[in-house]
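Number of protein chains: 4
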Amino acid sequence: MYSFKNDYSEGCHPSLLKALADANFDQQAGYGEDVYSEAARKLICEKIENHQVKISFVSGGTQANALVIASALRPYESVISAETGHINVHEAGAIEATGHKIESVPTHDGKLRPEDVHSVLQKFEDHHMTKPRLVYISNTTEVGSIYSKSELEQLYQYCQQHDLYVFMDGARLGSALCAKDNDVTLADIARWTDVFYIGGTKNGALAGEALVLKNESLQKDFDFHLKQRGALLSKGRFLGIQFQTLFENDLYFDLARHANAMAMKMALAFQEKGYTFLTEPVSNQLFPILPNEVIEKLLQSYGFYIWKKIDNYQSAVRLVTSWATPEDMVEQFISDLKSL
Amino acid sequence: MYSFKNDYSEGCHPSLLKALADANFDQQAGYGEDVYSEAARKLICEKIENHQVKISFVSGGTQANALVIASALRPYESVISAETGHINVHEAGAIEATGHKIESVPTHDGKLRPEDVHSVLQKFEDHHMTKPRLVYISNTTEVGSIYSKSELEQLYQYCQQHDLYVFMDGARLGSALCAKDNDVTLADIARWTDVFYIGGTKNGALAGEALVLKNESLQKDFDFHLKQRGALLSKGRFLGIQFQTLFENDLYFDLARHANAMAMKMALAFQEKGYTFLTEPVSNQLFPILPNEVIEKLLQSYGFYIWKKIDNYQSAVRLVTSWATPEDMVEQFISDLKSL
Amino acid sequence: MYSFKNDYSEGCHPSLLKALADANFDQQAGYGEDVYSEAARKLICEKIENHQVKISFVSGGTQANALVIASALRPYESVISAETGHINVHEAGAIEATGHKIESVPTHDGKLRPEDVHSVLQKFEDHHMTKPRLVYISNTTEVGSIYSKSELEQLYQYCQQHDLYVFMDGARLGSALCAKDNDVTLADIARWTDVFYIGGTKNGALAGEALVLKNESLQKDFDFHLKQRGALLSKGRFLGIQFQTLFENDLYFDLARHANAMAMKMALAFQEKGYTFLTEPVSNQLFPILPNEVIEKLLQSYGFYIWKKIDNYQSAVRLVTSWATPEDMVEQFISDLKSL
Amino acid sequence: MYSFKNDYSEGCHPSLLKALADANFDQQAGYGEDVYSEAARKLICEKIENHQVKISFVSGGTQANALVIASALRPYESVISAETGHINVHEAGAIEATGHKIESVPTHDGKLRPEDVHSVLQKFEDHHMTKPRLVYISNTTEVGSIYSKSELEQLYQYCQQHDLYVFMDGARLGSALCAKDNDVTLADIARWTDVFYIGGTKNGALAGEALVLKNESLQKDFDFHLKQRGALLSKGRFLGIQFQTLFENDLYFDLARHANAMAMKMALAFQEKGYTFLTEPVSNQLFPILPNEVIEKLLQSYGFYIWKKIDNYQSAVRLVTSWATPEDMVEQFISDLKSL
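Protein chains in written order, with the numbering used here: chain R, 1 to 340; chain H, 1 to 340; chain G, 1 to 340; chain C, 1 to 340.
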């Protein structure tokens, strides 16, 4: 039984384990002030072509989201998110627990555009309501779609004009940057957002997200927030070493490319069988719509989630590939699919 | 320059890295529901002689403290802590950030006794004040002292009678359980507290604290709290694998014994030179009181913190050993000390 | 220029001022423990036919809502509300500021029915989401509609079966209980909710809402919550005296009946002119749909809000009557309307 | 049985009731935007000789304290308070409930001086601790003492130099400004603090504190905080009318002067009997130290609290006078005392 359930079923890329072992007995300062974290920061700064940012490594996405949002906002300010946004659905109220309302907007593809943000701003009246101040987007989105360069630019410019921060959840940023038809670079992300993070956990690390705070006003005293929210690991080195390895020789992108390539192979097979998709297959998450009997048969050999019932005869399922997905397993899956 | 600044300067014990590598490509469920975390839980349950507890692995001590306290209390309830308690001094207000007041008590050795708790309860009047509900202790304490079996038992019984939870911060629990004159076992800890954690980060792990919730009322819906506070790692396996390794063949205790033995060797050397200590040396933290010129000379070859000025001629310093402290480095230090 | 903008434009019913004056120099205990508050509680208990409740008087609706919800829920629990619910729109994020997510449901008339609540429960998966625990309803709703006895009973029974509290925001409860076709008594409200409040501010008081906590588990330590949230007034007598006066000789209902009667008179006039309503006119808030030129002319002599644009030619407006609305002013309005 | 227990046992000064009655049917805008609140603001601005402030009226002291502190601070910032400070003892953790730590300092007279604040700042290290940002003082203090002009000026200047806000809790500000040996005016208070409030509840109002935000950075978006914390009353007029009356013709000061005069009369009687005081009697709170048998006898005819046991034979008690204390009752008390 091979699992396509998610992209965090395995450990980490072996190079990261090796780097952890190599540095193991080197005495270092704690709390992210070690030389490895410094080296990782430098590599990321070069990649994003901006050395004025503040970079902090944290252990997970929910933590990163709550940290950024709680540190960016005053108590009465709110967040705008797609209805499908991870913070709005799958973080057990982590944002509200920091005191902030999420103003959610229905979308057809998980992406926010200026008009979506505008629809929220238009409802705002006065101090009897929360004041929208930050726009949360994810790339790839929760349904596997990606932002184009012009979409990002337009959103950022709209937000600049309306005094809104743009925050990109990059839990699957590697997959987005290596996706089919993607025209965005890491430097573009830094250009068209105020703050974002580069997800490590879902792209080859044991744990770790690299938070990049570009907007200066968000950098001030950020370490206090990190400490207060339990995100400042005493052995921060362990996150720094992993990101240093991921960004040396572009391993991060190689891993994402592999994950996407595996997904694209599977997508092609579905298309050849005549199946359609809930959302266009471009990254490492696929949402094919399959007849129920096909789903049942595939579930005998592969793990994956049923995402959404379409009608009595078919459902959309979610299949996820990763840096660790073996190509022969994908070929086996395709062969099994063809034989159905 | 060798550092005795803390017990988190290195990576992790090599056995843990090996275990991570061995399990690396094994596909597992996320969020702590993997077989390794399960195995680690079972090993800990055996050690504490109690299989009714709930065990969760989290990434750090501040996170563990905030999680336990915020999940245990109603909004108007408060925590009793020694004035020197880590939550009261060095967690950037993490507990207050969850909405709870800390009622602190001055102590001479960092330990809380029934009379200390009683002094807080006596000040309580009515609903115009916060209601004390949880007693926070640390073992070893922030000044290196340990609780005896009878002290723990008396504190727990007092707290039971007064409807107070007892929570032990075990960031350095390994060192406490292997300390000089210690008469407490891990099973005793489980017996005489409602909730505690077994610190991994400071005793051989890359990161990780094993939270043990014994009191049933604290177990209810705890996973929601974990998720909401960003403590539920998708690759929870990475914490489980480490704790499984630490508790197989008692590695955890071997590592703590080594740290303490190194400290005791150094303590003896200080005593032989006629120096006294701020607090009795029993665990892996030493607080010798040294003449300023001795401190200056030692600082040329060793890293450590000046803890407290005693008078114009001498100060107490803090020296910390760990599982990774090489015996020959300790011998070098002693030889250097003797020659001063 | 007479204002129909809201039901809090004037002070309070003269009987309340007289009662305040009569009791003025009588020395009383503070914080709601005075004889007047006690007398008011007794009168309310009789009216709701339940003497096991806990009644607290607070100064406003937003305060009441935040207090009830924050005291009822554990940190990860959420509130279900109609999208139009006051807490979801017009309280500046007061509920989220206490840490809780609001799960909102679109409705056509501002009312929640079991199927609406069911639609939220169905989306719930596990501890990665907030756990719905309280259903917030308002009566009258924000669009002037009311709950029938059978609607309340069904909602409460559904919620009982699904471990959900029912909380009724009664800022305009007087108007609801005296509305056209209403079949609900105050005793019914106490029967079919876990907690509710009787709004004084919008029905004859200077300020004051009477919170009635019926469910015993919500009563425990509630005074701590009151104090912590700044809701415990030292001269609580001033709220108690007003409620005592409102519930002696049923003044509360007389005032609401007057407000509704004034509204019904105006509603009839609109109907006679052939105008329709956004929601059926039954209580003291009317939402007639009027041609823009009619609106413009009325605005020359009367204050009221434009609620919603219907098309380029007409809009729904909101007109509110109160205990203080003079009948001759209503007649003047009707005469002006007829002449348009 | 006459009560000297506190200064909120009666209603309000009759002039306020008359003003409420006179304005009763005048239709006004809600939420503090009425002409009465405006007039009250103008009168206060004249008195403090500063028209750039923002003034909001709220219903009580705990609400005012939590509002000011929560709106002034970022999540990791803390408050410095005397150990006896009302926020530190008698507000059920209201400040911590907004997420902020109180750093308390022991004092001999309830007052904070630059050296007290300095002692807290000296302990601050880095982002592992909360960052002190606001100094909370009360005038009169919880033990009846007052700040002199030079004390206020020195404290403010020290705080300016150390980037700390000064916030004065003026629940009993009237009594302070009319106290024996007071050399401070309301304009001085505005000069030497960043924000303060003028207590109405304990000096002649039914309820109400006038919050004066002088520092511009504290004024921004303050109305959102007011609404979010449930402090924005829809009939805000009711607070405005009271403060307008209190500040027309200096009624506020006349009332405080009466309260203090009554206290001074009683203080003299105690002194003539040879009794000493826990703190010097200067305002409307007296803390005489009396033999236990005297206390017992007085308690047969008068209500007051035993404040602190001194030894087995005597205790300090607290006696409070107010605007409503009748002079003949004070004379009766003195005569009774003399006869003991």
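Quick caveat, the hints were computed from the structure, so don't treat them as lab data. Built from N, CA and C at the ideal position, the CB exists for glycine as well. Some hints could be false.
[Stated by the list, open to error] In silico SDA-like links for lysine to any residue, alpha-carbon gap of 25 Å or less: (1) H/Lys47 x H/Leu278; (2) R/Lys123 x G/Pro114; (3) C/Lys220 x R/Gln160.
[Said to hold, decoys possible] Listed next, the stretches of chain H that the computed footprint assigns to chain C, with coverage defined by at least 3 CB atoms under 8 Å from CB atoms of chain C: (4) 74-81; (5) 89-96; (6) 99-107; (7) 308-321.
Verification of the supplied hints:
For the suggested pair H/Lys47 and H/Leu278, the alpha carbons sit about 33 Å apart, so the restraint of at most 25 Å is broken. Simply put, R/Lys123 and G/Pro114 have alpha-carbon atoms about 28 Å apart, too far for the 25 Å limit, and the pair is violated. Restraint check for C/Lys220 and R/Gln160: the C-alpha separation of about 20 Å stays at or below 25 Å, so the hint holds. For the segment 74-81 of chain H, the proposed coverage by chain C is satisfied: 3 residues have a C-beta within less than 8 Å of a C-beta in that chain, meeting the threshold of three.
Remark: the segment 89-96 of chain H is confirmed as covered by chain C, as 6 of its residues place a Cβ nearer than 8 Å to a Cβ of that chain, reaching the required three. Beta-carbon proximity to chain C at under 8 Å applies to 4 residues in the segment 99-107 of chain H; the threshold of 3 is reached and the given coverage holds. With 0 residues having a beta carbon nearer than 8 Å to a beta carbon of chain C, the segment 308-321 of chain H misses the requirement of three or more and the stated coverage is violated.
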